[in-house]
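In short: position in the sequence shown from 1, add 8, done, that's our numbering.
It is worth saying that the hints were derived from the structure and are not from the lab.
Keep in mind that the hints are not guaranteed to be accurate.
Said to hold, decoys possible - Straight-line alpha carbon distances no greater than 27 Å define the calculated DSSO-like cross-link-like pairs of lysine-lysine that follow: (1) Lys444 x Lys509; (2) Lys410 x Lys444; (3) Lys206 x Lys171; (4) Lys444 x Lys457; (5) Lys735 x Lys206; (6) Lys285 x Lys602; (7) Lys588 x Lys410; (8) Lys444 x Lys285; (9) Lys509 x Lys410; (10) Lys735 x Lys285; (11) Lys478 x Lys457; (12) Lys478 x Lys509; (13) Lys509 x Lys457; (14) Lys478 x Lys444; (15) Lys171 x Lys735; (16) Lys588 x Lys602; (17) Lys457 x Lys410; (18) Lys285 x Lys666.
As the list claims (entries may be wrong) - Label pairs and their computed distance ranges (CB to CB): (19) Glu507 x Leu537: 29 to 35 Å; (20) Pro364 x Thr234: 28 to 34 Å; (21) Ala144 x Arg84: 48 to 54 Å; (22) Arg39 x Arg84: 21 to 27 Å.
In this text, all values refer to a predicted model and were calculated from it rather than measured experimentally.
Beta carbons: idealized from backbone N, C-alpha and C, even for Gly.
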Amino acid sequence: MRPSFLAATIAVCWYVNPPIAGFSADISYVRQVQPILAEHCLACHGNDAEHREADLRLDDEASAKAHAIVAGAPDRSPLIERITSTDPDLRMPPGTAPRLTASEIQVLQAWIASGANYERHWSFEPIADPAPPAEAGAASDIDRFIVAKLSANNLSLSAPATKQQLIRRATFDLTGLPPTWEEVTAFINDDSPQAFAKVVDRLLESPAYGERWGRHWLDIARYADTLGGAAIGFTRFPFSYTYRDYVLQAFNDDLPYDQFVTEQLAADQLDLPANAKQLAALGFLTVGMQFRSPHDTLDDQIDVITRGLMGLTVSCARCHDHKFDAIPTSDYYAIYATLASSHEPEVLPLAGEPSPSPELTAYEAQLNDLQTAYTDMARDQNEVMRARLRMQVGLYMSEIAKGIREIDLSTTNIFSYRTDDVRPPVLEQWRRYLIKMPVDDPVFGPWVKLREASEEQFAEQCTALLATLKSENGEVTTDWHRVASTAPRWNPRVIEAIERKQPTSLLDVADAYGELFIEVQREWLTAQLEAALEAAPNAKPIPDEDARHLIVNSPVNRQLRRHLYGPDTPTNMDDDAAAKLLNRPIHDNLAGRKGAIHNLNLNAPGSPPRAMALREQADTDPFYVFNRGNPIDRGPRVEARFLTALTPASHTPFEPGKRRLSLARAIVNPDNPLTRRVIVNWVWQRHFGQGLVRTPDDFGTRGERPTHPELLDYLASRLLEDNWSLKALHRRIMLTNVYQQGAVESPRDRE
9 MRPSFLAATI
19 AVCWYVNPPI
29 AGFSADISYV
39 RQVQPILAEH
49 CLACHGNDAE
59 HREADLRLDD
69 EASAKAHAIV
79 AGAPDRSPLI
89 ERITSTDPDL
99 RMPPGTAPRL
109 TASEIQVLQA
119 WIASGANYER
129 HWSFEPIADP
139 APPAEAGAAS
149 DIDRFIVAKL
159 SANNLSLSAP
169 ATKQQLIRRA
179 TFDLTGLPPT
189 WEEVTAFIND
199 DSPQAFAKVV
209 DRLLESPAYG
219 ERWGRHWLDI
229 ARYADTLGGA
239 AIGFTRFPFS
249 YTYRDYVLQA
259 FNDDLPYDQF
269 VTEQLAADQL
279 DLPANAKQLA
289 ALGFLTVGMQ
299 FRSPHDTLDD
309 QIDVITRGLM
319 GLTVSCARCH
329 DHKFDAIPTS
339 DYYAIYATLA
349 SSHEPEVLPL
359 AGEPSPSPEL
369 TAYEAQLNDL
379 QTAYTDMARD
389 QNEVMRARLR
399 MQVGLYMSEI
409 AKGIREIDLS
419 TTNIFSYRTD
429 DVRPPVLEQW
439 RRYLIKMPVD
449 DPVFGPWVKL
459 REASEEQFAE
469 QCTALLATLK
479 SENGEVTTDW
489 HRVASTAPRW
499 NPRVIEAIER
509 KQPTSLLDVA
519 DAYGELFIEV
529 QREWLTAQLE
539 AALEAAPNAK
549 PIPDEDARHL
559 IVNSPVNRQL
569 RRHLYGPDTP
579 TNMDDDAAAK
589 LLNRPIHDNL
599 AGRKGAIHNL
609 NLNAPGSPPR
619 AMALREQADT
629 DPFYVFNRGN
639 PIDRGPRVEA
649 RFLTALTPAS
659 HTPFEPGKRR
669 LSLARAIVNP
679 DNPLTRRVIV
689 NWVWQRHFGQ
699 GLVRTPDDFG
709 TRGERPTHPE
719 LLDYLASRLL
729 EDNWSLKALH
739 RRIMLTNVYQ
749 QGAVESPRDR
759 E
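Generate the whole structure from the sequences, applying the supplied hints.
As structure tokens, this is what we get:
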């Protein structure tokens, strides 16, 4: 940091407007009024509906003028009456909250007297393309904006820096390294008008430029080589370096910023080759801290996207509507839905094609052996788990009959299983499965009907129901299993099992179902074993008319097996879901095998670079608002879409399968007023120590206004004109008098 140069820059950029004296018609809502309301009022009278007091919004013109403001009449406005009251029961803000200062009250009075005109927050306004002021002696358009404000306040730029100072400043700014003696000498001896421009061009072409500015970007991306303190499992990312290398190369290649952003959010959805190097860009989302709860990991991703790329604190709307900005909770969960449908693949794609080598060949052979051993064991254990679940139907139905509350599946793991073998994810699957069960289902229809029976008269109501079901079935003989093509209205084995149990509660009915499904599963396994034996050499085939064939293949038994083996049943989980249910010793065994693969990727000489990529699932379960951030307490359903404050009224949902790509395109859309402002402010800050907006990650109402709003929009417009080139932006900034001024303060300006 260069203290004196920074001080000179601050003098250039942050002249504060003098206090208002008396009532003035020239009051800016955005610049003067909104910061006061945000500081003192909007926590209770803002966008957050859940915590809003008196149903009053002071950030909404209609609400404010209906209840608190009389335009043109501050003396008749309840707002002024309450903030100036000496009565502790009437005074606002209430209690021990800081009072408004006299000057703040005066601003509000002047604003109301002038008509209380509301304006949209400055950062949500479209980016203008202002013409630079006409200033004599200014060397560039950027200088014209700066000098115009300085001149208006009787200030001026400092004298130019010496050549030694200038090359040192530029070299540290662009490469993070000091200039060599030879570079300094060459610059001092170059008397051409383009001498400094040549220095800038040389530095921008240096590989050290990408290392320096890529390092700055990695701070935004919260890059790390480790998973973070809250992680369970491995402590190191094996391939985080591929994202780091991608970022450094992108800066050196001057990859257009809109493409840079798009690849970091959705490289896998850009129709690139399967092993494209650009897939490493997805590390922007995957190298962050890994939390125990996936909701927290997604929140971290939402924060880095919205705050890092657009300067909006969207994560503040996770539990309630944003207190200060126009970001409802539904917006947060719309972005959540955009990201939650994506997951890291089991096998990460290569980040480019590796060059053949003996080390690569040895690595691939070892990897194949380890993966085969892991896959075979996982497949076998998962099938054992599914078979076990088919024998435990009664266990889970009994839990549901007891009225066990709903469980947040995302926070369960092998350590949260109970000693009675109930696995929370399976319990939730059964709960949802039975809730959706139609009342006329031939197998679970009786359960649905008995679920509503009263505890006091359960036995009587159950007996009556069974009689009705048997009557609707008609006469069913003892050889009902021989029916070849049809089944009765209600599954007779279910009726028989319940009747045999003589239930006095829903818990007894659950036991009856459990015993029946155990019997059905055993019959099916026996039939499979007999079929395998029949297929053995010299085995005697069982005739098709044999009762064993007829029983197993009867429509009644097929009805029952459909609830054990159907694709949507709780007992037929896919491999990923089944693997999460394994007992601790098996889980540890598989984890050890997976750890061997992980260590091979980390340490094998031939291990090729892989991308920490994502894959999106097009068809997903619906997404909902989580009331107060609680995943169990679901609110309204939401679709993956962009922020309402930045989109037309239609709020078109994102395309399934390309949700992240839709998000990226919305962020870099030229009509988005935030993205270009945020990035040019970030570059300016890195050159001058402070941005044109001094809160670079908060362009909302709690952030500071730009000191030079026209210059900010001018630079944002030039970025688009220059095809989103950051190197062109560096040149524009560095080839100015304001950048090249000396680090010596003027005594006159200091006074």
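How the hints compare with the structure:
This hinted pair checks out: Lys444 and Lys509 have alpha carbons roughly 25 Å apart, not beyond 27 Å. For the hint linking Lys410 to Lys444, the alpha-carbon distance of about 19 Å falls within 27 Å, and the restraint holds. About 13 Å separates the Cα atoms of Lys206 and Lys171, which keeps this hinted pair within 27 Å; it holds. Distance hint between Lys444 and Lys457 is fulfilled; the C-alpha atoms sit about 13 Å from each other, no more than 27 Å.
Of the supplied pair hints, the one linking Lys735 and Lys206 holds, its CA atoms being roughly 13 Å apart against a limit of 27 Å. Proximity of Lys285 to Lys602 is assessed by CA-CA distance (about 25 Å); at most 27 Å being required, the pair is judged to hold. Only pairs whose Cα atoms come within 27 Å are accepted, and Lys588 paired with Lys410 is accepted, the gap being roughly 25 Å. For the suggested pair Lys444 and Lys285, the alpha carbons sit about 45 Å apart, so the restraint of at most 27 Å is broken.
Distance restraint check for Lys509 and Lys410: the Cα-Cα separation of roughly 18 Å lies within the 27 Å cut-off, and the hinted pair is therefore satisfied. Among the hinted pairs, Lys735 with Lys285 is consistent with the structure: their alpha-carbon atoms are about 22 Å apart, no more than 27 Å. Between the alpha carbons of Lys478 and Lys457 the distance comes to roughly 15 Å, so the proposed pair stays at or under 27 Å and holds. The suggested pairing of Lys478 with Lys509 holds, with an alpha-carbon distance near 16 Å, which does not exceed 27 Å.
For the hint linking Lys509 to Lys457, the alpha-carbon distance of about 17 Å falls within 27 Å, and the restraint holds. Using a Cα cut-off of 27 Å, the hinted pair Lys478 and Lys444 holds, with the two alpha carbons roughly 24 Å apart. Among the hinted pairs, Lys171 with Lys735 is consistent with the structure: their alpha-carbon atoms are about 22 Å apart, no more than 27 Å. Of the supplied pair hints, the one linking Lys588 and Lys602 holds, its CA atoms being roughly 14 Å apart against a limit of 27 Å.
Of the supplied pair hints, the one linking Lys457 and Lys410 holds, its CA atoms being roughly 16 Å apart against a limit of 27 Å. Among the hinted pairs, Lys285 with Lys666 is consistent with the structure: their alpha-carbon atoms are about 20 Å apart, no more than 27 Å. Restraint check, Glu507 to Leu537: a C-beta distance of roughly 30 Å satisfies the suggested window 29 to 35 Å. Against the hinted window of 28 to 34 Å, the Cβ-Cβ separation of Pro364 and Thr234 comes to about 32 Å, which satisfies the hint.
Distance hint for Ala144 and Arg84: a CB-CB separation of about 50 Å, consistent with the stated range 48 to 54 Å. Between Arg39 and Arg84 the beta carbons are some 25 Å apart, a value that agrees with the proposed interval 21 to 27 Å.
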